[in-house]
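Please model the complete structure; the sequences and the hints are all you need to start from.
Protein chains in written order, with the numbering used here: chain A, 1 to 320; chain B, 321 to 633; chain C, 634 to 977; chain D, 978 to 1474.
It should be emphasised that the hints constitute simulated quantities derived from the structure, not laboratory data.
None of the values given here were measured: they were computed from a predicted structure.
Be aware that one or more of the hints could be misleading.
[Unchecked claim] Selected chain C positions facing chain B (in silico; Cβ < 10 Å):
#1 Ala718
#2 Lys722
#3 Glu839
[To be verified] Far from chain A, by Cβ distances over 12 Å, these chain B residues were calculated:
#4 Pro406
#5 Ile483
#6 Gly501
#7 Trp523
#8 Ala620
Glycine residues also receive a C-beta, built at the ideal position from the N, C-alpha and C atoms.
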Amino acid sequence: MYKNRKAIKALLVFYVVILGVMIVKAPAFFSFENAIDILLNTSTTAIAALGMLCVLLVGDIDVSVGAVLAACCTMTGILAKAQLPLAAVIMGAVAVGALLGLINGVVVTVLKLDAIVATLGLLSIYRGLLIIITKGSWINGLPENVLKIGQGRWLNIPIPVYITVVVALIMWFILNHTEWGRNFYAVGSNQDSARLSGINVRLTRIAAFVVCGVLVGAAAVIYTTRFGGIQSNTGKGWEMTLISSAVVGGASTIGGEGDVSGVFLGALLVSALGTLLVFFGVDALWEQAVQGLIIFISVASYAVDFKKLKLRLSGGGEKE
Amino acid sequence: MKKLVKNNFFVLILVLVIVMAVMSGMSDYFLTADYLLNATRFISETSMIGLGMTLVILTGGIDLSVGSMMALSSVCLGLTCQAGIPAGLAAAVSLLVGIAGGALNGYAVCKMNLPALIVTLATMGLFRGIALGISGGSAIPIPKSLYFLGQGSIGPLPVQLVITTTAYIVIAFFIYKSNFGIYLKGIGYNEEVAVFSGIKVTWNKVKAYMLSGFFAAFLGILFTCRVSSAKADYGSNYEMDAITIAVFGGASLAGGKVSFAGSYIAAVIIVLIRLGLTTAAIQTEIQSVIIGLILILAVAFNNFVASKKKIEI
Amino acid sequence: MKKHVKKVVSVLTVAVMLLSLAACGKSDGGSSSDNGGDSKDKVKIVVMPKVVGIDYYNAVQKGVDKASEELSDVAEITWQGPTEATVDKQIEMLETIIPTKPDVICIAANDPAAIQPTLEKAQEAGIKVVSWDADANVRDIFVNLVDYTVFGNAVIDSLASQIGEEGDIAIITTTFTATNQVLWIEAIEARIAEKYPNIKIVDTREAGEDTQKANTLASDLMKSYPELKGIIALGAPNLPGAVNAVVSAGKTGEVIVAGNSTPNTMKPYLEDGSIRDVQLWSAPDHGYLSVYTAYQLATEGLEEGKAFTAGDMGEFTPEKDEISMSIGLPLVEFTKDNVGDYDF
Amino acid sequence: MTEQSFALKTKDVYKSFGGNHVLKGIDFELYEGEVQALLGINGAGKSTLIKIISGALGQDRGEVVIGGQTTKNLTPSKAQALGIATIYQETSLYPKLSVLENLFVGKRMKKRGLLDWKGMEEVSKEIFKRLGVDINPYEKMENLGKASAQLVEIAKALTINAKILIMDEPTSSLSKQETERLFEIVRMLKAEGTSIIYISHRMEEIFQITDRVTVMRDGKIIGTKKTKEATTEWITRSMLGKEVNNSLEKSRRHVGEILLDVQNLSSGNLFRNISFQVHRGEIVVLSGLVGAGRTEVMRAVFGIDGFDSGKIFFKGAPVKRHTWDVIKQGIVMVPEDRGRQGLVKEISAAENMVMAALPEISRMGIRNRDKEKEYVEAQVKGLLLNPPAAGLDGGAYSGGNQQKIVIGKWLNTHPELLILDEPTCGVDVGAKMEIYKLIVSLAEEGKGILIVSSDIEETEMIADRIVIMRQGMIAGELSGEADKNAILGLALAGKEE
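Spelled out as structure tokens, the structure:
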């Protein structure tokens, strides 16, 4: 149950600084509507980043998520176009995610490959197959009943925001209060002793990939229904967004570390960056550089020892 | 030579021969001197990005920023030339930018103790962002005097081929013959032992990252000279190519174990497959499936061979 | 010894898989029409888009396929493009195609300058070069979509007429590195300077080709510039994102959106009035015309001022331009009345 | 005795790894409620036997009978369910997780299908109380020291009510006090009917705590005796298959001028005001309890960690800040944790042995293979490396020979002062003597030797002078003739007894 408070602390400091700057520079940023929009835009990233968290927790990584997203979106589109009921559409998308996650997990664990290499190869395979199958065409004109998920509101708050909160709560619960969730941490922290403790390491790692696939599938449903159309090249470069979100939120890329609240804050920062920069009036040409810089700084800030900093601020130099 | 065989070199050569056979069966043009000489331009470029990556993987790190660094170097070259700085000096500036970028990566990884994957993920965005910002996104023409580097030939051999092969030989020779090589190997396998052995761990690792940045920047120059203009969108996804090559060539991402000869041959194989399939008019999406499969199978096969060997000892 | 046998067997297995994959790839790959006949007598034409696997070029491919079928007895047409819209991938593909000595290469260049040496090489090898979609610096003829200026003007004119020729507008583009985007934006800026002194471009941002990003950007722009009157969204995936943002902010009619996209994507928005018109051209026609132009170039040659017949599209007359000559497509404006007539 | 029932029995167990026969027909018997010592030099097959009993490995042939029940395809979880708990030598903990989490991985408590964190916390507090230690269950594991980690490892075994407890060198990083407490726990468990397999290289412990002794050699059981009836001679002879000479020549050494002079060294709350000297040709042992700050002082001297105040001189000149400069000055350090700090297991012994000496061997950064070969061969011969070849990967050698490789690495730099941190930790009896002899001969050559050791017998045998540290400070200094009680008194209470 150890929490990586350091990352969350660093992130919170970061948030305070950013919000402070925004209050001075762009008060228009602080509106209910904008807050809701930011949450809405975070929803897909946050949900899928929680999936990435699971894979990172067991000490693996999944760079095929962008292609999995595209596959799940396509499935959502096809099923919705076939006028299937909403539940079936969701089930279908999630099932595709789970299946691809399963393939990822099996390839990584059974062939004993570095996760980054295996999922890199699979990324290329999924993308290729997807274009071959869909012939690269877009899916448009989804029926109203499914669009409600992405576009509907309840109590003036968009449905995806609720979904995100529910998924986050479920993941928090799984990761902290179930055997499986804790096994993710154990496997990522020390695979050998996990094996000796009687944990089925291979199955646990596969499970992490499947959970990741399922959550990407859930994100895909929202992604698809928000705009009612799917491009076959959806999700290109998305793996970097998800990994950044998880890592900025304090997840370790070597496993065993990271939690839901951190990853949620990380996803929020990563996906709100674009909005921040628009309000801040950063020249669009430099947007990417500034984004990279902010992510760099936020990650680098973990290297700062807060205890030492505190010591120094409160009179410091006691050591001498 | 014994060492090479041990590094799955033999397997790679066999794969190469098979690839050549399959490709020449699919297209009549494949096994012609012209075609293959021309192909070496692309092979050289891809293998050069793999060279820096192989070095970084040797230390147990990874460098995702190479593709972006390539774009940044390209744009720097274009802008400095445009500003009227002589071509040679402009190229030197680009290389310096590469080394500086590598030093930034190295500093964050080694001095601040951050995971390489994360640091270089961030600088990947940063470098490309800077390239975009300073260039404004548009293509910048470069002076004709530079074309030779990308389009010229030395005797019958394309310039890139000569440069990259030389770079590989120099680096491989250096790693084999110098203290630096065994230091990197020691650091890659067990950093703490290296610290206790009085090896300048930080400095040696930073050097590896700087070399990676240097080669990425060098590639940026060669590439710019081949296509005769500089642009901020060059080199996207090259980091993935680079990792593929290094791992396919026999490197272990855990560090310590790499093969330069392996990386070189791996680049030849991967590029020849890509080019050959294009020549044979195979659709790119099918190509990507094939290349993905080959990557997974080849690495799985390498692991299989390695694990067999361990038991035999 | 045993180990070596095992190695060889495994390698052979991989090779066989590769072969079979490649073989099946070849059989259903592309629109090459190898339905018998001696291919040596046929005119070989390679058509290369900026990128494959996106909807727009699929629409173009339909036209290419149609022309390819009509010309199947006399020409062999291959459709090949990179999976990423970058010039380096395109150059690499071209370099490997040149040795196969096709008669004509039709190229939609991702970057006109960068691809120049490669195209020069093709010409030296006796290959005719047709640029289409996006121009190149070296070519025998350019099959233009719609002239960049004409198109840029049409977009801004449409927007200006809807916002009363005054107010703040913002532009969402794909990337700052894409040539057509740069030229369109230049045209739009020039037109504003010339005709609409009261319109001001307050911001230009890139969304890639990502509907969600365009959507986020559009809503951010509306909040950041409360006075915003119009948004120009360039790039087929970006326009629906921008329109969606306006609709969900409840600002339909207050903030006008204009831009280019495909008819199927925009149909629901055109029909419910969220957007008045969408500028584009007929993508299948473009592919069709490019193939016929290439065929004409390879067989009878093209001369400026001399009309030729492009299948069922009628006659086109090449006109002189600063590099060689060009022909252009007519602009199509999709509205809710005609959007049903197109399917791509 | 015959009516006593067996807690565990193995019948004719065989195991081989790729043609290498590690176990050759083991019939091992453990009575209920006894503490049985399992002894053997490294490579005798102890670890393999234990892994088979605890389900981590499967046997090729033979049976494992637990509690009268013949097991089939034993796995770690099945073994656990049968009441077998193992405390491994190399700590098998989860560094990034909390102590609480570590205690319960694989056997977490549940309430209505959910994890019962409260319940687990209570149990953990109870166990720590029983162990008499104060460890916060919510502390992150990697923040704990090695001794605390070992205690958590023991606590972990207590969380399942184990019927059979296997302890593999449980005291290797425990202090005397902690060891005593551990023994109390062992006696308590024994009284409760738990059977214990106890593995240790420390003879005194064996006689203190065990009921029977089993000695293994070469994959076979050589013999089992009641501890009361066994003698040290019998044990060592059985382990080695020959008599060992336990005496060391101390007299031939000539103590020269001061080499190392540490003055008032302090660093945070790790250590304060540390002063001592090491002379040429002298063996100084830095004794004390685990956690007294000895390793930390050595790391500071060697330039691995910094320090706040104080001075270190070597041959009159200040010692430099960076490890590479310190090595050049003539100081080297054989670290405590061979696997993690001393030896790169994946590269050859030869490469390990030249790694630190490269600046001297190479010219302008380019390696000189011929010269390297000379250096390596000199060490292989001088250190009696076994097998006498340096081409194998470092990890392929036994513990004692790995230690020789590490020492060889340093001798190649021609040091004048060697710091050895727990040089015989995890080294079997036979190899221990070889290492002692080596250390003595180095001192005879006129090198200064500084040893950190927690092994009192070792200290008595080898030291010319003993510096004792306690709670980060120097507690006192004794001559090499001082007896155990004096050393222990200073280490425990800060005064001689």
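Hints and how they fare:
The criterion of a C-beta within 10 Å of any C-beta in chain B is met by Ala718 of chain C, whose closest approach is roughly 9 Å, and the hint holds. Because the closest C-beta pair between Lys722 of chain C and chain B is about 8 Å apart, less than 10 Å, the hint holds. This hint holds: Glu839 of chain C has a C-beta 8 Å from the nearest C-beta of chain B, less than the 10 Å allowed. Every C-beta of chain A lies more than 12 Å from that of Pro406 of chain B, the closest at about 28 Å, which supports listing it as non-interface.
Look at Ile483 of chain B: its CB is around 27 Å from the nearest CB on chain A, clear of 12 Å, so calling it non-interface holds up. The Cβ of Gly501 of chain B sits about 23 Å from the closest Cβ of chain A, beyond the 12 Å cut-off, so the non-interface label holds. No Cβ of chain A approaches the Cβ of Trp523 of chain B within 12 Å, the least distance being about 18 Å, so the stated non-interface status holds. Consistency note on Ala620 of chain B: stated as away from chain A, yet its beta-carbon is not over 12 Å from all of that chain's, at 4 Å minimum.
Consistency note: the structure conflicts with earlier hint 8 alone.
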